[in-house]
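**Q** So you can see what is in the structure, the chains are spelled out below.
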Amino acid sequence: MDILFNFLQTGAVGNFSWGNLIMLLVGGFFLWLAITKDYEPLLLVPIGFGILVGNIPYAYGMNIGVYETGSVLSILYQGVTQGYYPPLIFLGIGAMTDFSSMLSNPRLILLGAAAQAGIFATFLGSLYLGFSLKDAAAIGIIGGADGPTAIFLSSKLAPQYLGAIAIAAYSYMALVPVIQPPIIKLLTSKRERLIRMKPSKPVSRRLRVLFPIMGFLLTAFIAPGSLTLLGMLFFGNLLKESGVTERLAKTARSAFIDIVTILLGLTVGTSTDAHRFLTPDSIKIFALGAASFGVATASGVLFAKFMNLFLKEKINPIIGAAGVSAVPDSARVCQVLGAKEDPQNFLIMHAMAPNVAGVIGSAVVAGVLLATLGG
Amino acid sequence: MDILFNFLQTGAVGNFSWGNLIMLLVGGFFLWLAITKDYEPLLLVPIGFGILVGNIPYAYGMNIGVYETGSVLSILYQGVTQGYYPPLIFLGIGAMTDFSSMLSNPRLILLGAAAQAGIFATFLGSLYLGFSLKDAAAIGIIGGADGPTAIFLSSKLAPQYLGAIAIAAYSYMALVPVIQPPIIKLLTSKRERLIRMKPSKPVSRRLRVLFPIMGFLLTAFIAPGSLTLLGMLFFGNLLKESGVTERLAKTARSAFIDIVTILLGLTVGTSTDAHRFLTPDSIKIFALGAASFGVATASGVLFAKFMNLFLKEKINPIIGAAGVSAVPDSARVCQVLGAKEDPQNFLIMHAMAPNVAGVIGSAVVAGVLLATLGG
Amino acid sequence: MDILFNFLQTGAVGNFSWGNLIMLLVGGFFLWLAITKDYEPLLLVPIGFGILVGNIPYAYGMNIGVYETGSVLSILYQGVTQGYYPPLIFLGIGAMTDFSSMLSNPRLILLGAAAQAGIFATFLGSLYLGFSLKDAAAIGIIGGADGPTAIFLSSKLAPQYLGAIAIAAYSYMALVPVIQPPIIKLLTSKRERLIRMKPSKPVSRRLRVLFPIMGFLLTAFIAPGSLTLLGMLFFGNLLKESGVTERLAKTARSAFIDIVTILLGLTVGTSTDAHRFLTPDSIKIFALGAASFGVATASGVLFAKFMNLFLKEKINPIIGAAGVSAVPDSARVCQVLGAKEDPQNFLIMHAMAPNVAGVIGSAVVAGVLLATLGG
Amino acid sequence: MNETISFGVNLTIVGLCITFAALAAISLGVALMRWLDEKGHLREEREKQLALEKEQTIDNLTLVLIAAAVGTMLQGRFYIRSVRRIPLIGERASPWSMQGRAVLLGSHVVGRKPS
Amino acid sequence: MNETISFGVNLTIVGLCITFAALAAISLGVALMRWLDEKGHLREEREKQLALEKEQTIDNLTLVLIAAAVGTMLQGRFYIRSVRRIPLIGERASPWSMQGRAVLLGSHVVGRKPS
Amino acid sequence: MNETISFGVNLTIVGLCITFAALAAISLGVALMRWLDEKGHLREEREKQLALEKEQTIDNLTLVLIAAAVGTMLQGRFYIRSVRRIPLIGERASPWSMQGRAVLLGSHVVGRKPS
Ligand code: NA
Ligand code: NA
Ligand code: NA
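Chains as they are written, first to last, in my numbering: chain A, 1021 to 1395; chain B, 1021 to 1395; chain C, 1021 to 1395; chain D, 32 to 146; chain E, 32 to 146; chain F, 32 to 146.
Please note that a few of the clues may not be correct.
Stated by the list, open to error - Derived lysine-lysine pairs resembling DSBU-like cross-links, with alpha carbons at most 30 Å apart:
| hint | chain 1 | residue 1 | chain 2 | residue 2 |
| --- | --- | --- | --- | --- |
| 1 | C | K1270 | B | K1057 |
| 2 | C | K1270 | B | K1270 |
| 3 | A | K1270 | B | K1270 |
| 4 | A | K1221 | C | K1057 |
| 5 | B | K1057 | C | K1334 |
| 6 | C | K1221 | C | K1057 |
| 7 | A | K1270 | C | K1057 |
| 8 | A | K1205 | A | K1218 |
| 9 | A | K1221 | A | K1057 |
| 10 | C | K1304 | C | K1332 |
| 11 | C | K1270 | A | K1270 |
| 12 | B | K1270 | A | K1304 |
| 13 | A | K1057 | B | K1057 |
| 14 | C | K1325 | C | K1218 |
| 15 | C | K1304 | C | K1334 |
| 16 | A | K1210 | A | K1304 |
As the list claims (entries may be wrong) - Derived Cβ-Cβ restraints for the label pairs, each shown as a range:
| hint | chain 1 | residue 1 | chain 2 | residue 2 | range |
| --- | --- | --- | --- | --- | --- |
| 17 | A | Q1098 | B | Q1364 | 29 to 35 Å |
| 18 | C | P1179 | A | Y1087 | 48 to 54 Å |
| 19 | A | Q1102 | C | L1028 | 40 to 46 Å |
| 20 | A | L1024 | B | G1150 | 22 to 28 Å |
Stated by the list, open to error - If you want the ones that stay clear, here's a sample from chain B, every Cβ over 12 Å from chain D, calculated:
| hint | residue |
| --- | --- |
| 21 | K1057 |
| 22 | M1116 |
| 23 | A1156 |
| 24 | F1231 |
| 25 | L1237 |
| 26 | F1241 |
By construction, these hints were calculated from the structure, which means they are not laboratory data.
Each residue gets a CB set at the ideal place from its N, CA and C atoms; glycine is no exception.
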C-alpha cells in the first residue's frame, strides 16, 4: 500500500494545482483554434499540445519535466534556450520564400521598416510598466509579428519570459485577421482603399540569385547583430534561387523545417507551466503585445499614406499593414479588404512586398537590440 | 618497422579476442535474419551492422569506440544514453498509427493491459535470480515487446544492461511468429478460434482528433512517468489526425523517424562489445526475455477468455495474444492463426486494437516503474 | 548619440579589415564558380555563403561568431569540430553509391590504392616545409580528394588548419577537370588512350549485399582507425543493397545527407575568418594541395601502366586518374578524355571502379594516420 | 521471501492495477466519446459524402491529359468550361507555400472572358 | 635528413603498404565471392526474369487510366478480370504502414462475387 | 523621465533610423540591380523562351503512354525517332545520383542503329 500511496503522491493527486487546470484549458483552446479555425495550425498544434504536456501535475525529481536538467524534454528544449531552432526555421523560410514581389517594386520595402515602429512602441511601454531594458526589448519584439525572431531574441535577452513572449506572438499572429481590419479602415478613406496598383514586371533570374547575397551583405554590414537570423534566411533563399542546389533547398523547406518546427513548438509549449506562466507579468506582456500589433499596423498604413505625398504612382495604403510580417496572413488581410471595395483589385502580390520586407525589418531590429543590450 | 609494429598493436593483431569473433557471428546472424527472413529488418539491419562495428578489435585510446568520450560513435550514442531517441521514434509511430480499430471497439483495449502481466512476471523472475530492483524492472520491460520503451526504461534504470535488453527485446519481437502460435493453440479450443467478430463500425473524424488529446490526459494523469513516451506518441497521432498539420505528420513518420531509427539501431548495436555483452547476466536476460514473451501471450489470451464469461458478443481469444505489442507482427500472427481455421475470418483488424493498446500499456508500466524506482 | 556611436563601434565601421574584404571576394568567387560554372555546387554554395557570413566585420563579444562559445554558429559548428558531420555524410554517400562497377572488375580496385601516393607525397612535402607530423598528415589528406575525409582527419589532427584544408580540398575537387587532363595526356600515348575495355558483366544481388559487410570487416581489421568513416559508408551501402531497408536508405541519401551537407558547408565556410585564414600557412597549404592532386593523378595513371605489364586484357591507363576519388568528376574527366580519342569508347563505367575504390583508399589512409599520430 | 521480493510483489500488484486503471479509463473515455459522437455522426457522414464528391483525387497533369485525350477523340466538338482546383489538406497546411501561387495568380490578372 | 622526416618516410612506406593491403584484400575478397557466386548465378538470373515479368512498373492510377482508355476504345466489349497490386520493396520494409491497409481491407470484408 | 526611459527613447530613435537605413539600402540596391539588369534582360527573356520550348514538363512514363496511345490510334503508321530526356535542375545538382545512370548507360554499350 505504501507503493500505491507513494505513487499517487508523485502524480496528479499529490501535485494538482488550479493553475495547471487553467493552462490545460488554454492548451485545449489553442488546439481548438488551430484545428477548427485553421489559425496558424503548424505552430498552434505543437504549442497547444506542448502546453498540455507541460501542465500535467507530478512531483519534481522524476527527471521528466522541461526544466529538469537531463530530462528528454529539457534536451529537446536546448534548441530554444541556446537559440538554434529559430535560425534553422529561417533557413527553411528562406528556401520557400519568393522575394519576386519585393524585387519588382523596391520602394514597397520601406513599408516593412515603418511597421517596426510597433516594436519600439511596445519597448517603451514595457519600460514604462517597469520592465528592465532587456526584458522590455524582448517584449517589444512581439510587435515584429515573427515567431522565430521573437523566440530568438527573448532566449538571449529574457529567457524567463520566453514562454509568455512566444505564446503572445503566435496568438496575435493567429489573430491578425481580427486585429488589423478595423485599424486599417479607421485610417484610410474608401477612395484610398480603391487605389489600383500596376501589375509588377517579372524579375530576372540573375536578380533573384544576386538578391540574397546583396541583401545579406547590406543588412549584416549595417546591423551585424541580425547576422544569425538573416544569414540563414538569405542562405536558404540562395539555395532556392541559385538553380544548382535545388535538392538542398527542397530538404531545407520540407523535412528540415518540419523537424525543427515540431520540436520548437512542442518544447515552447511545455515551457509554460502554470507556476511560471500564470503571473501578472504575463498579463502585462499580453496586453503590451496586443498594443504592439495595433501600433505596427497603424505605422505601416500611415507611412504608406506619407509616401503617397511624394509619389506619382500612388500606393494603396492598405498594404502598409502587411509590413508587420505575420507572413502571409497579413498580406491576405490586405487582399480581402481591398477586394471588399473592388473585387477585381488584386492587392496580394503587392502586399507580399512589405510582408517579406517586414520579416527582414524585424530581424534587423532584433539585431540592433541584441547588439546594444545583449552580451 | 616500429611504425608497422605499433600499428599492428593498435589493430586486430594486438587486440583480438574470441568473444569478438562470437559477437561478429551474432551480428552476421542478425543481418541474415533480417535480410533473408525479413524479420524486423528496419531494426535488425542497423543493429546487426552495429554489432559488427562494435566488435572490431582495436586498442582503446584511439577515440573511436562508442564507450570513448568524444568519439563520433559516443556522440551519436547520446541519444540512447540520454534517452531521447525512443520518444522521437514514438513521435513517428504516433504519426503513422491508425487507432481506428481500437476506437471502434473500446473493450478490446483491456487486452492490452492484460498482456503487460508478462512484464511483471519477468520482473519478479529477475528479482528471484538476484538482480536489483532497478535492473529487474529494466529486464522485465522486455516483456512489453516494444523496442523504444525497453531502451528508454533501461537507459534510465539499468544502463549497463541496455545493450542486452535491447537486443533481447528486438530478437524476441522478430521471433513473435515462432513463439506465439504454440502458446495460443495450447490455451484455446478450435471452437474458440473459429469465433467470428462483427466488422467494426467506422470512426468519425472528430473522435480520431479528440482521442490523442483525451488518451494523453488520462494516461498522464494516472501515470505521469509515462509522459515522455506517451506524450510523443499521442502528439504524433494528433499531427496525423488533426487534418491541419499533415506536412508535419508526414515528416515525423518518414524522414524524422528514419533518421532516428538509423542512429538508434546502429549505436545500440555498437554498444554490444563482447567484453560487456558476453556475460552470464546476458544469458539470464535472454532466458527471462523468452519467458516474458510467453507469459505475456498467455495472459492476453486467458484474459480474453475471462472477458468472454461476461460478454454477449464473444471475443475470439486469439487476438488476446496481440496485446503484447510487437506491432504489427503479433496482429499478423493472430490473422494467420485465425485464417488457418477459417480462411474467411479476418481477425487482423480486430487484433490491431489490443496491439496498439499494448503499446500504450507497456508505456504506462514503464511510467509506473520509472516513478517508483527511478530518480 | 552614444547609442549610435556604440552601435557603430560594434559593427562594420569599428571592425573593418582589408582581410575581411578579400575573404568576401573569395566567398563571392566560390559562389560564382558554383552557380555559373556548376563546379561542385552542393558544397561550394554553402561554403561560399559561409565565407561571407564568417567575414562580416563586428565586435567580438556579441555572441554571434562561430568561434564564440554558445553562439548558434558555434553550436552548429560542433558537428565539424567533434567530427560527426563527415561520417554522417559518408552514410548518405554509401546509401547512394553503386559499387557494381567495382565488383564486376575487382582488379581495378588497386588503382584506388595507387592514387593515395598523392597523400603521402604531400605529407612529406609538408614535413619538409616545417609543419609538424600531425599538421602534415592533415594537409596530406587533401590529396585524398575527398571532402568529408579531409574534414574528419583535420578536425582530429590539426583543427587550426581545418578551414584552409577543407577549402583547399573542395577547391581542387572542383578544379579536377582543369588539373587532370594535361597530366594524363603527358603520361599516356595516344595508343594507350585508345584501349577499349570489355563491358563488365552484371553483378548478382547476393554479391552486392555481401560486399558492404565483407568490405567493412576487411578494412576495419586491417586499419581500425578508418572504422568510423568506412563503417558509415558500408552501413549506408548495406541499407541500400539489402532490399529490406529501402526507406532508411532513401532518407539517408536524401533528407539526412542534405541536412548535414547544409550545416557542414555553411559552418566550414564561416570558420574562415580573415584573421585565421589569410596566413602564410594557408598559402603553403594551397600550394601543397595543388601538388598533391598532381601526384595522385600521376600515380594512378602510372600504376595502371605498371599493371598492364602483367595483364593480358589491358587497362586503359586514363582510368588510373579516377583513383583520386573526387567522385564522380574525375570519372567524367576520364570519359571525356577517352571519348576525345574515340567517341565510341565508354570509359566512365570502368572509371567508376577506381573512383569509388579511391574513396575507400583515402579513408584507409586517414585511418592509418589517425592510428599512428592521433590520440 | 526476502524484503526486495516482497516489495517486488507489491509493486507488481499496484503496477498491474494502475495499468488496468489507465487502459480502462481510456476504454471508458472512448466509449463515452463514441456515444456523444453518435448524434453528430449522421450529419458528418453526409458532409463527408459531399466532400468526397467535390474533392479532386487525381493530379492536375492527369486531368489535363484526360481532357486532352477525350478532346482528341471527340475532335473538338466540345470545350472545357471550368477546371477547379481544390487545395488538398496537406497544401492548405503550409501557408508559406501559398505565396508563390498568390504571386503567380496576381501577376496574371485576367478579367472574365466575354462570352 | 632529420628525425621527423625520417619518421615521415617510414610512415609513408608502411602507410602505402597497408593501403595496398586493404584494397588488395577487398579485391581478392570480391574476386572470391564472384567465383563462389557463379554457381548460384544462373538460377538467380532466371528468378530475376520471373520477378520482372510479375512486377508492376507503373502506378495504379496510370493502370486505371490505361484500362479506362482501352475500355473506351473497345467500347465495353471486354472487362477487367483482376488487377493485382504487388507490394513494392520499399513498402514491404515498413510494417507500420501496412496497418492502415490491413484495417481498410478488414473493414470491407467481401465474399467472392458469385459469377 | 528617468534614465532608463530616456535611454529607451534614444534607442528607439537610433533603432528606427538603422532599420530604415537597412531597408532603404536594400531598396536602393535592388533598384540599382534592376537598372543594371535591364540591358541583359531582353536577351535572357529570349533564352528563357527557348528553354521553355525545350524543357520536358511531363514525366517520362506519361510520355511513353502518350506515344503508345497515339501509336495505337495511328496503327503503326509512324515511329518514334528520338525521345530526348533533358535532366531537370534538381537532378543535375546531385552528381552522385548520376553514377547509377552512368553505369547503366555504360553497361549497355550500343552502337548507332544502321539506318
Ligand atoms: Na516584422
Ligand atoms: Na506491450
Ligand atoms: Na581518394
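**Q** Given the hint that K1221(C) pairs with K1057(C), test it: the Cα-Cα distance must not exceed 30 Å.
**A** violated, 36 Å
**Q** Is the claim that L1237(B) lies outside the interface with chain D correct, judged by CB distances over 12 Å?
**A** Incorrect as stated: the minimum Cβ-Cβ distance to chain D is 9 Å, not above 12 Å.
**Q** Does K1270(A) pair with K1057(C) here, judged by a C-alpha cut-off of 30 Å?
**A** holds, 22 Å
**Q** Verify that the Cβ of F1231(B) lies farther than 12 Å from every Cβ atom of chain D, and report whether the claim holds or is violated.
**A** violated, 7 Å
**Q** Straight-line Cα separation of K1304(C) and K1332(C) no greater than 30 Å?
**A** violated, 43 Å
**Q** With the threshold set at 30 Å, check whether the alpha-carbon distance from K1325(C) to K1218(C) stays at or below it.
**A** With a Cα-Cα distance of about 17 Å, the restraint between K1325(C) and K1218(C) holds, given a limit of 30 Å.
**Q** For the pair we were handed, K1057(A) and K1057(B), check the Cα-Cα distance against 30 Å.
**A** Given that 30 Å is the threshold and the Cα spacing comes to 49 Å, the pair is violated.
**Q** Assuming the hint says 29 to 35 Å, is it satisfied by the Cβ distance from Q1098(A) to Q1364(B) or not?
**A** violated, 55 Å
**Q** With 40 to 46 Å as the target window, see if Q1102(A) and L1028(C) comply at their CB atoms.
**A** For Q1102(A) and L1028(C) the Cβ distance comes to about 29 Å; the hint is violated.
**Q** Measuring Cβ to Cβ, find out whether A1156(B) lies farther than 12 Å from everything in chain D.
**A** Label violated. Min Cβ-Cβ 7 Å, cutoff 12 Å.
**Q** Keeping to a limit of 30 Å between CA atoms, is the pair of K1221(A) and K1057(A) held or broken?
**A** violated, 36 Å
**Q** For the pair supplied as a hint, K1210(A) and K1304(A), confirm whether the alpha-carbon distance does not exceed 30 Å.
**A** Violated, because 35 Å separates the two Cα atoms, which is more than 30 Å.
Consistency with the previously given hints fails for numbers 5, 6, 9, 10, 12, 13, 15, 16, 17, 18, 19, 23, 24, 25, 26, ordered from lowest to highest.
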